[in-house]
Amino acid sequence: MPAKFDLNDSSVVVIIGSGAGGGTLANELARRGIPVVVLEAGKRIEMTEFKNDEVWAFSHYTWFDSRTTSGSWSVAKTSPDLPVWTCKLVGGTTVHWGACALRFQEHEFKPRTRYGEISGASLLDWPVDLKEMEPYYDRAENRMGVTGTHGIPRLPVSNHGKVLFAGAKKLGYTQFETTNMAINPVPRDGRASCQQTGFCVQGCTFGAKWSTLYVDIPQAEATGKAEIRSESQALRIEHDASGKVTGVVYVDSTGKQQRQKARIVAVACNSIESPRLLLNSESSKFPQGLANSSGQVGKNYMRHTTGAVFAVFDKPVHMYRGTAQSGIVMDEARLDTKRGFVGGYQMELLPQGLPSFAQNIIPGGWGRDRAWVVDRYANVAGLWVIGEDMPRETNRITLHPDKKDQFGMPIPNIHVDDHPNDVAMRTHGYERGSALYDSIGAKRVVKVPPYPSTHNMGTNRMSTNPRDGVVNSYGQSHDIKNLFVSDGSQFVSSGGENPTLTIVALTLRQAEYIAAQMSKHEI
Amino acid sequence: MKDAKTSEKVTRRRFLAGSAATIAAAAASGTAILMDAKGAWSVELKSLQPEEARTLMVFVRDLFPHDRLPDSFYATAIAPLSDEAGKGPAAKRVLLDGIARLNSLARTSTGKSYTVADEKARVAVIKQIEGEPFFTKVYSTTVTSLYNQPKLWPLFGYEGPSSAKGGYLHRGFNDLNWL
Ligand SMILES: Cc1cc2nc3c(=O)[nH]c(=O)nc-3n(C[C@H](O)[C@H](O)[C@H](O)COP(=O)(O)OP(=O)(O)OC[C@H]3O[C@@H](n4cnc5c(N)ncnc54)[C@H](O)[C@@H]3O)c2cc1C
Ligand code: SF4
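Going down the list, the sequences are from chains D and F. Just so we're aligned, residue 13 is where the first sequence starts under the numbering used here, counting upward by one. Just so we're aligned, residue 1088 is where the second sequence starts under the numbering used here, counting upward by one.
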């Protein structure tokens, strides 16, 4: 039974956002008997409402509230109105996600030490390391049901995977397999097994893919300790004279402003909206925004170095059949500065249905040359280069000086300039991805520039020293003890791996810490 | 490669025949109907005159020239533009001015209106308007409204929704055997 809490109940933990971070935290706290109110800007839809329809899903799930962008990154040109692709729903972007669930590598927690000083980058070591994270990764994999872990078999290789692996083998790569995916190959944990529908991104109609929408949120509600308020956008977090946060002002589903009191507030709005909310919560005591005595809120925005390579073959591939993320090549994920850059990248499959493919293959492209490629859609295979990008103080989220959203909240601007390391890595990735497909007889290879960012990290980063970041290794604000950040914005670096498993693992660690601190009455 | 080119030429000829067979007629005042000479399909475009509708349709085919597609798909693709133009004078002005511009540029270079000019000339016209509001509006609308027609999908080998059919688990997700 979902709980119902009074607006004046100041014993609750208010969690803002219900995606990978927020949904997991709600479940973990509620299970421990801690009362939780989740404020979620998006609607609540049921799994039964999902449709195998790319255009419908995109237009119904996406966060479309306006954002602006600046800087020299290509997205500012190809997608200025939608620089970032995340969901506005209960379950957040875990409704869309492809379920590729990878751990960071050991060196990726120590980028400053292992990469050295990189000019134009604000590298810092994480205050946690792989060893510390391993038990939490382990638990995260178990609860999400990640293939290749905990005795869960790998999913079978799809057509699209076969093409990737054939090319990888030809190039002499050795580390390729069907990806670790948070998708059930066999029924598990009350969820069905994958039917290879190929619509993971549109919401899994079978529930085989992990999402907080139908896993953590209902589990949290079943404890009787959690209340989810959908269509409730937080506008600002309030504090008392001592500087402790006291509650959250939000707009409810009827459009009315409300104030929910809180013992603790956890911000889990993804890496654009979380710093936006903190910055918008400025006050006379905290004129730079909440949790921002370091001035680091909004800075060091990372979105992975990406680029896609599509190849046209003579014979059919039907890349759209089966799980989205069914294959990965990990050979380039190593740290090897001989390639001309620090950090590494993965090559992951990137299937698209015809509507998405036609829209994205050559942004803004037209005419016979483009049509030639689209005509051969059934024979196309594609991979995504995703690698570590460099944090830079100047890549940042700021509040727009005059543009406001429907509730009068300043909209965010996203500024990004590629670091030379990003450019070198992308160039290398395009070259290796092309070589991979060429080696098995591609007729033509098309290199696609980065899409709107689906992986968003780093804008409230952790640090050992409060001067260098916003939160400590538990996501707790350096400035305000009862304020937490519970999403990918805590990341100190991006690693070369998709972020969600790490977000969930960090959240499990954070939940343990919050519960312990609460029982000691520290917060 | 050579084979592909020859067959493209053949289908291109077929397209020209097909396109010429599409009739642009006037229904009620200010409403165009694009239809097949044989009456196999028709699309009503409430905010356009017949010749405007045909020009827009040919322009969208030039943007996304798939010879295997009959005109019905392009006529359907432009319907949302016409609908939007029906809702406000600003949108209508962008559309009508753009169509007029296509014709005037075509006339300057070839002495003919856009739909009558040859493909090379039409492509040259498009290059001149790339990035203008009309181009951007038509492009961003029709790149979705063209390819998001379920009837079109099989022509490109895309099978569409699969959940109701039990996914591809037993329907070929791993049937590739040419490697
Ligand atoms: C197409 C796609 C594919 C992806 N595939 C993968 C993958 O294979 N592997 C992987 O690791 N990652 C993947 N990702 C990324 C993954 O989805 C995100 O990393 C993850 O969901 C981030 O979790 P989060 O909790 O930070 O934010 P989200 O999951 O985005 O949740 C944030 C929530 O906060 C809400 N919110 C925001 N502001 C407010 C406010 N002011 N008040 C109330 N609510 C608010 C939002 O509506 C949203 O529901 C993919 C993303 C996309 C778009
Ligand atoms: S491919 Fe599998 S995981 Fe993906 S949507 Fe279909 S059933 Fe769900």
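FYI, nobody ran anything at the bench for these hints, they're computed from the structure. Incorrect hints may have been included.
To be verified - DMTMM-like mimics (lysine to aspartate or glutamate), calculated; alpha carbons at most 20 Å apart, straight line: (1) F:K1252 x D:D65; (2) D:K459 x D:D430; (3) D:K273 x D:E250; (4) D:K415 x D:E294; (5) F:K1238 x D:D65; (6) D:K327 x F:E1246; (7) F:K1174 x F:D1184; (8) F:K1199 x F:D1149; (9) F:K1224 x D:D93; (10) D:K493 x D:D252; (11) D:K89 x F:E1171; (12) D:K89 x F:E1217; (13) D:K174 x F:E1219; (14) D:K122 x D:D93; (15) F:K1224 x F:D1262; (16) D:K256 x D:E61; (17) F:K1238 x F:E1171; (18) F:K1252 x D:E250; (19) F:K1207 x D:D381; (20) D:K327 x F:D1184; (21) F:K1214 x D:D381; (22) D:K63 x F:D1149.
Stated by the list, open to error - Covered, in the sense of this in silico footprint (three residues per stretch, anywhere, with C-beta under 8 Å from a C-beta of chain D), are these stretches of chain F: (23) 1125 to 1136; (24) 1187 to 1195; (25) 1240 to 1249; (26) 1254 to 1263.
Stated by the list, open to error - Calculated from the model, a selection of chain F residues having no Cβ within reach of chain D, i.e. all distances over 10 Å: (27) A1112; (28) V1145; (29) P1157; (30) G1173; (31) G1198; (32) K1199; (33) D1205; (34) Q1215; (35) P1220.
The structure displayed is predicted, hence computed values, not measured ones. Heads up, the beta-carbon is just placed ideally off N, CA and C, and yes, glycines get one too.
Hint check:
Restraint check for K1252 of chain F and D65 of chain D: the C-alpha separation of about 14 Å stays at or below 20 Å, so the hint holds. Taking the CA atoms of K459 of chain D and D430 of chain D, the gap is about 18 Å. The hint holds against a cut of 20 Å. The suggested pairing of K273 of chain D with E250 of chain D holds, with an alpha-carbon distance near 9 Å, which does not exceed 20 Å. For the given pair, K415 of chain D sits about 17 Å from E294 of chain D by alpha-carbon distance, which is consistent with the 20 Å threshold.
Simply put, K1238 of chain F and D65 of chain D have alpha-carbon atoms about 14 Å apart, close enough for the 20 Å limit, and the pair holds. For a cut-off of 20 Å, the pair hint linking K327 of chain D to E1246 of chain F stands: about 16 Å separates their Cα positions. About 16 Å separates the Cα atoms of K1174 of chain F and D1184 of chain F, which keeps this hinted pair within 20 Å; it holds. Annotation: proposed proximity of K1199 of chain F to D1149 of chain F holds, straight-line Cα distance about 17 Å (limit 20 Å).
Distance hint between K1224 of chain F and D93 of chain D is fulfilled; the C-alpha atoms sit about 14 Å from each other, no more than 20 Å. Between K493 of chain D and D252 of chain D the CA atoms are separated by roughly 13 Å; this keeps the pair inside 20 Å, and the hint holds. For the hint pairing K89 of chain D with E1171 of chain F, the CA-to-CA distance comes to about 25 Å; that exceeds 20 Å, so the pair is violated. A C-alpha spacing of about 15 Å is found between K89 of chain D and E1217 of chain F, which places the hinted pair at or below 20 Å, so the restraint holds.
The suggested pairing of K174 of chain D with E1219 of chain F is violated, with an alpha-carbon distance near 43 Å, which exceeds 20 Å. Note on K122 of chain D and D93 of chain D: the hinted pairing is violated, with a Cα-Cα distance of about 35 Å set against a maximum of 20 Å. Only pairs whose Cα atoms come within 20 Å are accepted, and K1224 of chain F paired with D1262 of chain F is rejected, the gap being roughly 40 Å. For the proposed pair K256 of chain D and E61 of chain D, the alpha carbon gap of about 41 Å is over 20 Å, so the pair is violated.
Between the alpha carbons of K1238 of chain F and E1171 of chain F the distance comes to roughly 23 Å, so the proposed pair goes past 20 Å and is violated. For the proposed pair K1252 of chain F and E250 of chain D, the alpha carbon gap of about 51 Å is over 20 Å, so the pair is violated. With a C-alpha separation of about 14 Å, the suggested pair K1207 of chain F and D381 of chain D falls inside the 20 Å cut-off, and the hint holds. Note on K327 of chain D and D1184 of chain F: the hinted pairing is violated, with a Cα-Cα distance of about 44 Å set against a maximum of 20 Å.
Simply put, K1214 of chain F and D381 of chain D have alpha-carbon atoms about 14 Å apart, close enough for the 20 Å limit, and the pair holds. Straight-line distance between C-alpha atoms of K63 of chain D and D1149 of chain F comes to about 32 Å, which puts the hinted pair past the 20 Å bound. Coverage of a stretch by a chain is defined here by at least three residues with a beta carbon nearer than 8 Å to that chain's beta carbons; for the segment 1125 to 1136 of chain F and chain D the count is 0, and the condition is violated. For the segment 1187 to 1195 of chain F, the stated coverage by chain D is not satisfied: 0 residues place a CB nearer than 8 Å to a CB of that chain, which falls below the threshold of 3.
Three residues within the 8 Å Cβ limit are the bar, and the segment 1240 to 1249 of chain F against chain D gives 8, so the coverage statement holds. Coverage of the segment 1254 to 1263 of chain F by chain D holds in this model, with 9 residues showing a Cβ closer than 8 Å to a Cβ of that chain against a need of three. Here A1112 of chain F stays apart from chain D, with its beta-carbon at least about 28 Å from theirs, past the 10 Å limit. For V1145 of chain F, the non-interface assignment is confirmed: its Cβ lies about 13 Å from the closest Cβ of chain D, beyond the 10 Å cut-off.
Every Cβ of chain D is farther than 10 Å from the Cβ of P1157 of chain F; the closest lies at roughly 15 Å, confirming the non-interface assignment. Chain D leaves G1173 of chain F outside its interface by the beta-carbon criterion, the shortest separation being 21 Å against a cut-off of 10 Å. Annotated as non-interface, G1198 of chain F keeps its C-beta farther than 10 Å from every C-beta of chain D; the closest such distance is 23 Å. With a minimum CB-CB distance of about 20 Å to chain D, K1199 of chain F clears the 10 Å threshold, and the non-interface call stands.
No beta-carbon of chain D comes within 10 Å of the beta-carbon of D1205 of chain F; the shortest separation is about 14 Å. Every beta carbon of chain D lies more than 10 Å from that of Q1215 of chain F, the smallest distance being close to 13 Å; the non-interface claim holds. With a least beta-carbon separation of about 14 Å from chain D, P1220 of chain F lies farther than 10 Å from that chain, consistent with its non-interface assignment.
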